[in-house]
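K.L.:
What follows is the residue order along each chain.
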Amino acid sequence: MNTVITADQLFGALRETVVMVGFSLFFGALLGIPLGIVLVITRPGGVLENKFVFSILNPVINIVRSLPFIILLVAIIPFTRWVVHTSIGTSAAIVPLIVYIAPYIARLVENSLLEVSPGILEAAEAMGATTFQVIWHFLLPEAFGSLILTMTTATIGLIGATAMAGTVGGGGIGDLAISYGYQRFDTFVMIVTVVILIIFVQGIQSLGNVLARKARRN
Amino acid sequence: MIELRDVHKSFERKGQSIQALKGVSLRAEKGDIYGVIGYSGAGKSTLIRLVNYLERPTSGQVFVDGEPLDQYSPSELRQVKKRIGMIFQHFNLLESKTVFDNIAIPLVLLKKGKEEIRERVTELLKFTGLSDKAGSYPKELSGGQKQRVGIARALASNPSILLCDEATSALDPQTTSSILELLKRINEEYNITIMIITHEMGVIQQICNKVAVMEQGLIIEQGNVLEVFGNPRHATTQSFVQTVIHNSVPQSVIHTLKAESGRRLFRLKFVGGAASEPVINNLIRNHEVNVNILFANMTEIQNTTLGTMILQMNGDNGTIDQAASYLLSQGVEITEVDKV
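In the order they appear, the protein sequences are chains A and B.
Residue numbers are given in full-length UniProt numbering: position 19 of the first sequence equals residue 19, and the series is strictly consecutive.
Residue numbers are given in full-length UniProt numbering: position 66 of the second sequence equals residue 66, and the series is strictly consecutive.
The hints are simulated quantities; they were obtained by calculation from the structure and are not laboratory data.
Hints are supplied without guarantee of correctness; some may be wrong.
Unchecked claim - From chain B, some residues computed to sit far from chain A (all C-beta separations above 12 Å):
{"id": "1", "residue": "F127"}
{"id": "2", "residue": "Y137"}
{"id": "3", "residue": "Q145"}
{"id": "4", "residue": "R185"}
{"id": "5", "residue": "V289"}
Stated by the list, open to error - Derived CB-CB ranges, DEER-like:
{"id": "6", "chain 1": "A", "residue 1": "L114", "chain 2": "B", "residue 2": "L77", "range": "24 to 32 Å"}
{"id": "7", "chain 1": "A", "residue 1": "P59", "chain 2": "B", "residue 2": "H8", "range": "33 to 41 Å"}
{"id": "8", "chain 1": "B", "residue 1": "R56", "chain 2": "A", "residue 2": "S55", "range": "18 to 26 Å"}
{"id": "9", "chain 1": "B", "residue 1": "E67", "chain 2": "A", "residue 2": "L114", "range": "35 to 43 Å"}
{"id": "10", "chain 1": "A", "residue 1": "L211", "chain 2": "B", "residue 2": "V244", "range": "48 to 56 Å"}
{"id": "11", "chain 1": "A", "residue 1": "G89", "chain 2": "B", "residue 2": "S73", "range": "37 to 45 Å"}
{"id": "12", "chain 1": "A", "residue 1": "G89", "chain 2": "B", "residue 2": "L110", "range": "49 to 57 Å"}
{"id": "13", "chain 1": "A", "residue 1": "G169", "chain 2": "B", "residue 2": "L77", "range": "56 to 64 Å"}
{"id": "14", "chain 1": "A", "residue 1": "A7", "chain 2": "B", "residue 2": "R118", "range": "51 to 59 Å"}
{"id": "15", "chain 1": "B", "residue 1": "G23", "chain 2": "A", "residue 2": "G45", "range": "25 to 33 Å"}
{"id": "16", "chain 1": "B", "residue 1": "P68", "chain 2": "A", "residue 2": "G45", "range": "22 to 30 Å"}
In this text, a Cβ means the ideal position worked out from N, Cα and C, and glycines have one as well.
Just need the whole structure built from these sequences, with the hints factored in.
P.N.:
This is how it looks when you write it as structure tokens:
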């Protein structure tokens, strides 16, 4: 089969994807998990009910989440430039990826934490636990298995989003598939990249499932 | 010591105000096992949640060990809560932690040292008969075992009060009995005041010394269990009492009665000593009356026997009156009834 890309290009793209997903997942989680916790504890009936915080945070997350990633990517270029001093390349793609994934993670974390039985929280309150203790000793351990699946879903979502990172020269497997496989009709590249993405997603999902099962002990 | 003084509690639900408690007062002394019984919706769950301030009263005051709870700051209140253990209908154990770690939680919250925690938890595991389950997860336990873990957890911080919110309602009768035995042991060995919310009269009968009967946000009857059981005044109390003490005459007996005439019926109540004396035997020996026992029942409450009997006496009126006053003189409560 005829193809124009080299193995170096392929491995370079792989590395870029891993870097983009890794960094944006790390920082996205760093922002998203606390935001998810804040959503749960400030909601009406939460352990630290706060109408003001909840009524601002909740719609803001919805607004960011309703933007298609490709629009978000372009729209926040000034912000990206301010953060990483460039608007092109892999690091320039990571900033919008974080902005994209953090609210997504916040929502997923919120859902996971809401699954924790209210009875557990009542027991915590009856024991005289502080808000921090409620989160640390009750909420997070009880939701741990579910949180692992949450992060799995977030990671897979990120892999999809990185395909659009090509727009700002971010590179990555998805970009390779679009610019060579799709735009240049290079079927070989298309098949290889798609297979790689399938393996990626499958691997991450299976790993997530195994870890979650371990955490839930069943 | 737990005291509620004229406590009201209302909730806002969809713009509507619901009055869960409409002026409730009660007092449980140190060492009491205080039962609160009522049908669902009576307000008893709200009531028990007031004692550790999971709910705050709309008006009125709650006292724990003589101190009103409304005087405390949030952080002081958290300290007070550590002196009040609580167990729940659905146990509320952490599924992600072992039995050992579940029991250790209150101590971890108190920032106790590892060694101290290990010692205390081991002691509690032994006390609740769970020593071999330390490494198990709640999922692997039976309902009764889960409640034992709940009890051990509630006792970890050495509370002076234990609140039981429908603690046996999810358990089968035999398990219920063993959990109640454990609660009684806790009450006796550690002198912990226990408050129990339940809809099962059997629970009150087996371990409580005081009882309050609730209906529609009010306490309709309260006092010593023996008094309330022996003389239930309110219809709701009577129907609760009937679930453990059968004091109604079977239908078949009522039918045969209708056919007879020239009879007088008496309802007798024996409490304590009167129940162990051979009064009926003496009655028949010393009086010229024919005695027919239509119904008899004995129940033990708080180590005291409570007996109910319905007698039919035939004879001339004067002799029957004498027989009745003889029973009265023997400490038997007797009332003449025209129908059973």
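K.L.:
Over 12 Å to the closest beta carbon of chain A is the bar; see if Y137/B clears it.
P.N.:
At roughly 6 Å from the nearest Cβ of chain A, Y137/B sits no farther out than 12 Å, so the non-interface label is violated.
K.L.:
Verify this label for me: F127/B is non-interface relative to chain A, using a Cβ-Cβ cutoff of 12 Å.
P.N.:
Per Cβ check, F127/B is outside 12 Å of chain A; nearest 19 Å; holds.
K.L.:
Non-interface claim for V289/B: all C-beta distances to chain A beyond 12 Å?
P.N.:
V289/B is indeed farther than 12 Å from all Cβ atoms of chain A, at 60 Å.
K.L.:
Just tell me: holds or violated, for the beta carbon distance of G89/A and L110/B against 49 to 57 Å?
P.N.:
holds, 52 Å
K.L.:
I want to verify a distance hint. Is the separation of the beta carbons of L114/A and L77/B within 24 to 32 Å?
P.N.:
holds, 26 Å
K.L.:
Given a hinted range of 56 to 64 Å, is it respected by the beta-carbon distance of G169/A and L77/B?
P.N.:
Taking Cβ atoms as reference, G169/A and L77/B lie about 57 Å apart, which means the hint holds.
K.L.:
At the C-beta level, are P59/A and H8/B separated by a distance inside 33 to 41 Å?
P.N.:
For P59/A and H8/B the Cβ distance comes to about 37 Å; the hint holds.
K.L.:
Could you see if the CB distance from G89/A to S73/B stays within 37 to 45 Å?
P.N.:
Violated, since G89/A and S73/B (Cβ atoms, about 54 Å apart) do not stay within the stated range.
K.L.:
Find the nearest Cβ of chain A to the Cβ of Q145/B and say whether that gap is larger than 12 Å.
P.N.:
Fine: 17 Å to the nearest Cβ keeps Q145/B off the interface.
K.L.:
Is the distance from the Cβ of R56/B to the Cβ of S55/A consistent with 18 to 26 Å?
P.N.:
holds, 24 Å
K.L.:
Are all beta-carbon distances from R185/B to chain A longer than 12 Å?
P.N.:
Its Cβ never comes within 12 Å of chain A, the nearest being 22 Å, so this holds.
K.L.:
Confirm or reject the claim that L211/A and V244/B have a C-beta distance inside 48 to 56 Å.
P.N.:
holds, 52 Å
Violated hints for the displayed structure, listed by number in ascending order: 2, 11.
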